[in-house]
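Novice: Below are the chains, spelled out letter by letter.
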Amino acid sequence: MKFSIYRYNPEKDSKPYMQDYEVVLQSTDRMLLDAILRIKALDDSLSLRKSCREGVCGSDGMNINGRNGLACITPLAGLTEPVVLRPLPGLPVIRDLIVDMSQFFKQYQSVKPYLVTHSPAPQKERHQSPQDREELDGLYECILCACCSTACPSFWWNPDKFLGPAALLQAYRFIADTRDESTRERLDDLEDPYRLFRCHTIMSCAEVCPKGLNPTAAIGKIKAEMVKRMV
Amino acid sequence: MVKRIVVGAHYGLRDWLVQRITALIMALYTLLAVLVVLIKHPQGASAWRGLLQVPVVRIATFVFVLSLCWHAWVGIRDILMDYVKPVGWRLFGEVAVILVLLSEVLWAAEILWG
Amino acid sequence: MAVTRQVFDAVIVGGGGSGLRAALQLSEAGHSVAVFSKVFPTRSHTVAAQGGVGASLGNMQEDHWLWHMYDTIKGSDYLGDQDAIEFMCRKAPELVYELEHFGMPFDRNPDGTIYQRPFGGHTQNFGQNPVHRACAAADRTGHALLHTLYQRNIRSQCQFFVEWMALDLIRDRDGVVVGIVALEMETGQVVLFQAKVVVLATGGAGRIYQSSTNAYINTGDGLGMAARAGIPLEDMEFWQFHPTGVAGAGILITEAVRGEGGILLNALGERFMERYAPNMKDLASRDVVSRAMDQEIKEGRGVGPDKDHVLLKLDHLGEDVIHKRLPGIREIAIKFASVDPVREPIPVVPTCHYQMGGIPTNYYGQVVVPRGQQHAEPVPGLYAIGECACVSVHGANRLGTNSLLDLLVFGKSAGDHISAWLKTHPEQRDLPRQAETLSLARLRSLESDEPGESVTQLGAEMRRVVQHHAGVFRTEALLSEGVDKIRVLAQRANQLRIVDRSQVFNTARVEALELQNLMIVAEATLVSALARQESRGAHARDDYPERDDREWLKHSLWYREESRMAYKPVNLQPLTVESFEPKVRVY
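Chains as they are written, first to last, in the numbering used here: chain D, -10 to 220; chain V, 1225 to 1338; chain E, 306 to 892.
Read the hints as simulated data drawn from the structure, not as lab findings.
All values reported here derive from a predicted model rather than from experimental measurement.
Even for Gly, the Cβ is constructed at its ideal location relative to N, Cα and C.
Heads up, none of these hints are tricks.
Between beta-carbon pairs, the in silico distance windows are:
#, chain 1, residue 1, chain 2, residue 2, range
1, V, L1276, D, S91, 57 to 63 Å
2, E, D625, D, D177, 38 to 44 Å
3, D, S91, E, S643, 37 to 43 Å
Isolated chain D (complex conformation) (with noise of 0.2 Å):
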């Protein structure tokens, strides 16, 4: 099988470049990440992150024939020849297919990411009828890949101030849990224009959620609280 592989080492390489890549793949090679993997046993300078190989540690985000998509899940039968790999785009690449994702972990910490509660806790667990619980389905399986980040167009222009689809996701997964009680201040901090107004709903991000999640959807339900906080 045929790969073109974006490649990059800062200590030797003055610029980027496209290496091409042929090799015989076994019978249990099944996803896109044993082909990778393949290449690299022949070739040990080419880099790029791994974990779980199931799609749920979501380290081997890639642009895989021009899409974002995990390795590890891509099966190499639906993929094109060559089959075209760079890193995701717009970070900062460090190497290879790894790039620089401190901005986008920054933004997804800066949405509070967790519980805040005021009111005591009770003894046993805080009750949340399952309806409710329900709200959080499609928020909370994020997997924090960075697929539908890099794949907005609004997050290419503004990294530094626009959230991003994945920060969003989980700033309403927040929002929508009855057991959070500063949903007030949490949508404070989202009202100005670049954190979330920058989400023109071109919905790249649900494109490519390897999750089949849909951060433009939770996008929409934020507005949508904040219309009707304000009537």
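Model the placement of chains V and E on the given structure of chain D, informed by the hints.
Specialist: Frame of chain D; chains V and E shown alone:
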């Protein structure tokens, strides 16, 4: 904890709503305008002028122009914020856009009432 | 190479569940803590846990911590230490409630309480019938737990060193652990971290097996560090084979599938677990189910063209239950087995899943070693928690849901113990001179110009040997041949070479260092397994099919030096209740 970058006043929601409401107004006006034209079939400049002298039409048209300019202002300012990073140039751009849009509003007023 | 130094109260190696739980306890108490992780914390392997965390909340049925304790001891095949098991099972509800207060999105019952599901080996009233004990967030409990803990650590402003790999422990002349040597992957620089306490929370080493549910990062780095520092590894012959890994791919299918009512079928369409465990059936403990599956396959009742797997049927649960309670499983089955479990069964085989053994500790998380007449003396300055530790609460076989519980309970317990200790010990001990020498030598040797071994090739050979010689069923002949082979491989691992010599994010270098750690674990496994001449829990010997409490009711200790074995007694004395005497184990 990461400090949030202060990026401006709390006008995100207002502008977002403004764009949606003005868009609605413009869509409504366009629909009505098409209907009126289809029904009235105005022929020639005087017929058009007569149509525009009906007070309701005059006011509706002016509201439309106002909406258009306000809508455009929010949109163009967004673009300037995204693409023009030097503050001086951005300010210049914004002032220029405001002047152009204001003059268009005045011009429309002059056409409608002049 | 100039090596810089940083100073902290406590250094935690590993950003998974146990590391984060301990970090939270320490950072909320106001200590300066550094957490090292090879990956961004939410990418740690805790994220892949699916089914639930065990706690006798009794939300759906009557339950009691004592029953949980009994199940855990029985599950451990009586090799678990009963003081630690009592400690864990009593603490369980508190830890789960705490997690809920942190914001964990548990599934709910109609009355608003946490939803619990049945799980293998968990029973009511000392083995009578299955009980709903596994507190679950769909089939993504580990993901929800790990993210919740990380998020709580953001709140407590804990300091993380992300994408750093710990290389070695630093012990001073008195044997006190005074810090670690660590490598920053992004720059390739080596830094010394001086600390009053080092906590190893590096997870398991399931990657010694060819077929494993474990992530690529599960390479036993903490075990390697401990063993290189002269600390023995306990009960390394006990590796849990999870009954339901996707055939061929090794991806985990949670026991919750059977908890929700899924069943295992052989080629004849027979629910064979009825024969092996008449009472608990498909919900017998994992070692029992895995052996039964292996037996079925060996006797020719396997499914598929090679008759090499069995089937996990769950379509009878209905689309609603699958969609609501097992959505992740459906996703995995479709992607990795090309079957939609709503309609078809999933092909599964027993797959290496969990390391019951590890670095010996007590229930405060202190690393303990034999010294003189004492068999469990704390190593000053060193703690271990989570899968890399052997407390031992899992003994010879872990019950499902007890791993998440283990990392919560002992993560917090270690945090509390360290915090109390730090308050009375304000002084830092000096680092020995040239503390980095050994680590730097190891790094240099990888780049030597002399011919050596390829990481990929040697790693593949090791995984093949362990898989073949230390699988579900073991024999003297198989194991001793395995020991010979692994010793040769371990020698060759000293001559690993990498082609890539660059500093920035050199993953080839990281993988070589990981393989050296794996090799230590693999050797410990085979040597310990060969020595134990009985069948207990996950260690099944064809040539010694019975459990032998007279000779072998004891923990193995493997020392890297001379690869020698020692033993220490099992603690059969709980903290407050009567001891559970070893009995024949039937499910």
